[in-house]
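Residue numbers (my numbering), protein chains in the order written: chain A, 1 to 358; chain B, 359 to 900; chain C, 901 to 1268.
Calculated directly from the structure, the hints in this document are not laboratory data. Note that the coordinates shown come from a computational prediction; the quantities given were computed from them, not determined experimentally. Misleading hints may appear alongside valid ones.
Keeping only pairs whose Cα atoms sit at most 30 Å apart, straight-line, the calculated DSS-like set for lysine-lysine is [what the hints assert, rightly or not]:
#1 A:K7 / C:K927
#2 C:K1170 / B:K865
#3 C:K1203 / B:K696
#4 A:K332 / B:K414
#5 C:K1008 / A:K63
#6 A:K345 / B:K414
#7 B:K819 / A:K282
#8 C:K1203 / C:K1147
#9 B:K533 / C:K920
#10 A:K332 / B:K696
#11 C:K1170 / A:K244
#12 C:K1170 / A:K243
#13 A:K204 / C:K1203
#14 C:K910 / B:K865
#15 B:K865 / A:K204
#16 A:K308 / B:K414
#17 C:K920 / A:K15
#18 C:K1252 / C:K1174
#19 A:K282 / B:K597
#20 B:K424 / A:K332
#21 A:K308 / B:K424
#22 A:K346 / B:K414
#23 C:K1203 / B:K522
#24 B:K533 / C:K1174
#25 C:K927 / A:K29
#26 A:K255 / B:K363
#27 C:K1174 / B:K595
#28 C:K1170 / A:K204
#29 C:K1170 / A:K255
#30 A:K148 / C:K1252
Footprint (simulated), chain A over chain C, 3 or more residues, beta carbon under 8 Å [what the hints assert, rightly or not]:
#31 998-1006
#32 1249-1255
Cβ-Cβ distance ranges computed for the label pairs, FRET-style [stated by the list, open to error]:
#33 C:D1201 / B:R505: 40 to 50 Å
#34 B:R505 / A:D231: 47 to 57 Å
#35 B:R483 / C:K992: 48 to 58 Å
Built from N, CA and C at the ideal position, the CB exists for glycine as well.
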Amino acid sequence: MKNETVKIQTLTDNKRMSTQELLQLINSKIDEGYTDFDIEACGQHNIGGSSWACDKISSLNFKITNPGQRVGAMALPHTNIYVEGSAPADVGWLNSGATIVVNGDCGDTAAHCAAGGKIYVSGRVGTRSGALMKHDPKFELPEFWVLKNTGSFSFEFMGGGIGVICGWDCEGYESVLGSRSCVGMVGGTIYVRGNILNVADCVKIENLDDNDIEFLKNGLKDFLNKINHNDLYDKLINFEEWKKIIPLPSNVKEKRITASEFRKNNWIEGGIFGDFIHDDFKVFPMPAVGEGRVRIPKWNSENCIDCKVCLNNCPNSAIVENNKLYSACDDKCIGCGICAAVCPKKCWEMISNRCEIS
Amino acid sequence: MDAVKINQLHLDDLPWIIEYDESKCIQCGKCSAVCSFGAIKPVIENRRIHSNGLQKPSFNKVLVIKQQISLENYCRGCGMCSRVCPNGAIKAVRNFNDKYSVRYRAAKADSFKKGGRSNLNTEGRTLDKIKVGRISQMTDPSLDAARHQFELRTPFGRILSADKLNLHNENGEMKLSNQLPPNRWIYPVIMGDMSIGAVSWRMWEAMAIATAYLNEVMGLPVRMCTGEGGIPVRLLKSKYVKYMILQIASGHFGWNRIIQAMPDMTEDPAGILIKIGQGAKPGDGGLLMASKVAKYVQEIRGVPRADLLSPPTHQGLYSIEESVQKMFLSMNAAFNFKVPVAIKVAASVTSVSVYNNLLRDPYNIVGGFFIDGLAAGTGAAHEISLNHTGHPITSKLRDCYLAAVHQGRQGEIPLFAGGGLGQTGSFAADAFKLICLGANGVFTGRMLLEIAGCIGNDTGKCNACNSGLCPAGIATQDLCLTKRLDIDAVAQNIVNYFIATDIELKKLMGPVGNSTLPIGRSDALITVDKHVANRLDIQYVC
Amino acid sequence: MCRIGAIKSKKYLHPSIALKLMRSQQKGHDNSGFAFVMQDLGGIFAAHKDLPTLSMAATVEGTRKAEDILHNLGFTRVLQWTPEINHQKGLKIEPMPNYIFETFQYPKSHKYATQEEKEELLVDTALLLRKELDEDNSGFMYSFWPDVLTLKEIGSPKDIGTYFGLWDENEELCAKVITAQCRQNTNYDIVRYAAHPFFLEGYTILANGENTFFEKNRDYQQSLYKAYIGFESDSQCFLYTLHYVNKILNWPLKYYKHTITPLPYEEIEKREDKDVLLRIKASLSHLEINGPNTILGVLPDGKLMCVCDSKKLRPVVVGRTDETVIMTSEVTGINDVLPDRDTSLDIYPNEKETIIVNDDLTVERWMQ
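Take these sequences, add in the hints, and give me the full structure.
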């Protein structure tokens, strides 16, 4: 363990240290036992991320100016990163436990895929921030605290963890979450203070309950302390101004009316052909009886010998005899023509039942 | 003794042969009861009882189902019999020795007519040789079809180029200076274009209900074309007429009632479509066989029961210029120049000339160009037209689009393509490819028939729409057949199919990274066929 | 993704600021080239702000060809500036034999010509020069316009800077508006013309992201105006549309955004100006870009502009002091060159905004 802070300047004359050179330098210093770094960066990526050493070290501490993208990416617990000034995209990408403080603004996709640790931002965060945050139940909840607001499409596809957008200094904004936020959000909680406009329809917006307030009261203290804004505590704890956004359960499916209901309730009464046609809109089965038959049997008495072959062969027992007069019951006969086929005297004739509706 | 003569019609001449298994039959009579063609009947047949040869032979009488050998009551292969048979004892089987069309012509001295679609598919489907091949992979992000916002709307109506909009600047705000041709922003799939008469009242009303539902419940601005058979006054006077594109064809059927209803209409229709021709039978007029001219059809159309022929051309229109002058002007005037007026032509070698001319029309009154390809459907046509005339849609649509590009006027007259879309299952894929090739949208009638439960196909199954005996209740006016059709189920199925299509269109827009319709984005398409690549000017791949 | 930057200042700045601005933003391909356009020139060009300056890189043959063409048209040279080349070994650069930065007096025939006539002559001349140079591949004509200087080269930006001596500030070469990018288009064969910024008649554009409607845009633009040519990069479409909407149609600048990223129908329907917006959306539907892009631009009056696409936002930041405003892809670049600014004034434009930087460096934010 070495106590002194490693100071790194990444720009000498017009020569800029590459990301690879810088990260390898940091790692070699960690191997040597250094734990504290003060880095004057020039846009190098991944500073403070994916670095860890042996068990002897209790924490790694980075103070960084002008980092490039993905500061604190893939950072592990017991890593503390402090960025003085603004940082570009992907702050805390895949954060797995570090505490990252940005004393300034973050570019787009801050806290992207963060699944652990805490990210504290004293300014704004860009578009798609909080996207795909998630929570592995074996680890601590990831938290993402922003003093001001986010850009559009924030918290897309969020799967877990907590986002807190304090809406400070955002009076008059249409939405402190930008536009079209929470698209595809399936898990986690977002606390928001300020206006919210057109969030995705897969989430619901609720008032805070006692647990939420308790969480925010404690969390805000830590957060404001980290960003040196304890003065704002009293101004942010009017919880009437806060809302929480949580995803709707995935099994809630929007119920639409059926086309049948639409016809009965919304459509032109009596149907558009109602001036010509009186249709009850009942559906004939196949085969059908009554007027649904394509053909109907007609009995002719002349040659009948009363043999009852027709009556006996009718598959639907539709034929009745009354005083040696035969007929087919409309409500049983399907018009199959078997009577006409089996009659030895050709007494049954199948005639077309085709007709138009009136 | 019944002798057989060689010139007599024989079972083997017919296109379909009924295969009947006596041993499975329980003589329930359902098959013969449902056959709308009367192609099968129960009859008594003799069966010789096997004897030892010492007695005279004796015969048993058995009841069997037998196919009719007739030029009229012949089996169309619709398969209703096998649908209702509880034991699978009966089915229609295609006869590869079929000589029906020869026998028909030889016996009747008349042209052979049928409905449905062409059954002589010699072209293969170009659209199936095309794939969406320009997928966003790192050069730009794909969109998530389920979650991102997509806009599936296309303009309908004459679009003026920006320099002709004649906008003027009022304190930094551009304002319209004069009345411009009407524009509507509609869903890129237009349904219908099938007349009252060609389809049953239930089918037609189901389409209208589905259209209204898609608009009012789903928020999809789908428009339905009425076809040329008039429109019920109840619909004309309702608010739903705003979703309807009224068609006028050479027969002008039903326009009397439309005109009479105009003073009472509270909404303008979505548009007017002047039908010059249709893809299934180009150069042929409309045809509604007398059997389908039901009483209400007679009333709406203002004609007696007879075979109704719309002439092959509009009487009084002799040239493109005149058509534009007279017909478009009249139809525009009908609704005070507030309703887009479009034209539908059968795809033809000459389609590009027509389109070029319309683009150059100085009055800017042509609001859409509908091109109908040869795989479209029809209620009735001469077989010779249906199978042997026409032009595939894909290259024709492309030609028209590229002609517009050549003039620097793409999009000015929106292009809509139709004709056999969805033939191989996925309507959305066909629609998307045509849009990439330059279509603003597509239209379909035949897909709706399929959705409604049509049991016909492209290889001769059923295809009896002209007969008035549609066993599915779609293309008939008979009460007993029409009432087989469940109006609510049809409306629901159309609604569902459109919702599915909407999802699938987005599933294609997402991967190419577009949130709006990729009209003319042919760089998204590839083909494994060099000729197709060359002809359509898209990338050949292998 | 391309990193882009635009600088506007009240004082004349040396192009080294562009190199410094882009340095910290370097990504994978950002070392493939360096290109900048300087406008509102100071230094030795300050005396001839109303006369056209030719920016060109060419072979000896190409140089002679261009000079002959200009001579034959009646242009007379009033100023020539040649960068002092540092021939240090090992520099990653693929230099051209000659770099020509020359200012010309208009031909006598145009002595009393109107502004429009002069501009027409410059456009036609530029097109002719380009055509002639293309014919035998003897050079690249980048700009021929008053008060504009363009350089595009292939190689490492740092080394290109060294080669042309651009790291060392001097008062000869400076401007109040500088736009720059540290990358060539690496998607296809590397072509100098494909490098941002693109310039046409006072309009300059830089953009990042793929233009997914490139083919649609190009097909439509080709017939709109004679100078819409090249299309070596899909981003040239953004320039041509800006020029078309603002210059040829003479519509106010805010309609640029309505053209390239029209609002969805449902949103337009709710607006008072819906009639006009729907017409524009329909008439110019082939100029829609459908993103994802961020576009930085310079207008003929020297204003800076920034718009983002409404679909998938590409990041861009605006940082400012009283003297200088910078728009660039990442805040790191601004941190390097304007370290002492008030960062709470930084702007992260959203997908519906057009940002305008006026001549007095006031910043306007217009919502679409």
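Evaluation of the provided hints:
{"no.": "1", "hint": "A:K7 / C:K927", "in the structure": "24 Å, holds"}
{"no.": "2", "hint": "C:K1170 / B:K865", "in the structure": "28 Å, holds"}
{"no.": "3", "hint": "C:K1203 / B:K696", "in the structure": "42 Å, violated"}
{"no.": "4", "hint": "A:K332 / B:K414", "in the structure": "42 Å, violated"}
{"no.": "5", "hint": "C:K1008 / A:K63", "in the structure": "65 Å, violated"}
{"no.": "6", "hint": "A:K345 / B:K414", "in the structure": "25 Å, holds"}
{"no.": "7", "hint": "B:K819 / A:K282", "in the structure": "28 Å, holds"}
{"no.": "8", "hint": "C:K1203 / C:K1147", "in the structure": "14 Å, holds"}
{"no.": "9", "hint": "B:K533 / C:K920", "in the structure": "45 Å, violated"}
{"no.": "10", "hint": "A:K332 / B:K696", "in the structure": "57 Å, violated"}
{"no.": "11", "hint": "C:K1170 / A:K244", "in the structure": "29 Å, holds"}
{"no.": "12", "hint": "C:K1170 / A:K243", "in the structure": "28 Å, holds"}
{"no.": "13", "hint": "A:K204 / C:K1203", "in the structure": "43 Å, violated"}
{"no.": "14", "hint": "C:K910 / B:K865", "in the structure": "50 Å, violated"}
{"no.": "15", "hint": "B:K865 / A:K204", "in the structure": "26 Å, holds"}
{"no.": "16", "hint": "A:K308 / B:K414", "in the structure": "29 Å, holds"}
{"no.": "17", "hint": "C:K920 / A:K15", "in the structure": "11 Å, holds"}
{"no.": "18", "hint": "C:K1252 / C:K1174", "in the structure": "16 Å, holds"}
{"no.": "19", "hint": "A:K282 / B:K597", "in the structure": "26 Å, holds"}
{"no.": "20", "hint": "B:K424 / A:K332", "in the structure": "23 Å, holds"}
{"no.": "21", "hint": "A:K308 / B:K424", "in the structure": "23 Å, holds"}
{"no.": "22", "hint": "A:K346 / B:K414", "in the structure": "27 Å, holds"}
{"no.": "23", "hint": "C:K1203 / B:K522", "in the structure": "28 Å, holds"}
{"no.": "24", "hint": "B:K533 / C:K1174", "in the structure": "10 Å, holds"}
{"no.": "25", "hint": "C:K927 / A:K29", "in the structure": "25 Å, holds"}
{"no.": "26", "hint": "A:K255 / B:K363", "in the structure": "66 Å, violated"}
{"no.": "27", "hint": "C:K1174 / B:K595", "in the structure": "28 Å, holds"}
{"no.": "28", "hint": "C:K1170 / A:K204", "in the structure": "25 Å, holds"}
{"no.": "29", "hint": "C:K1170 / A:K255", "in the structure": "27 Å, holds"}
{"no.": "30", "hint": "A:K148 / C:K1252", "in the structure": "20 Å, holds"}
{"no.": "31", "hint": "998-1006", "in the structure": "violated (count 0)"}
{"no.": "32", "hint": "1249-1255", "in the structure": "holds (count 3)"}
{"no.": "33", "hint": "C:D1201 / B:R505: 40 to 50 Å", "in the structure": "41 Å, holds"}
{"no.": "34", "hint": "B:R505 / A:D231: 47 to 57 Å", "in the structure": "40 Å, violated"}
{"no.": "35", "hint": "B:R483 / C:K992: 48 to 58 Å", "in the structure": "53 Å, holds"}
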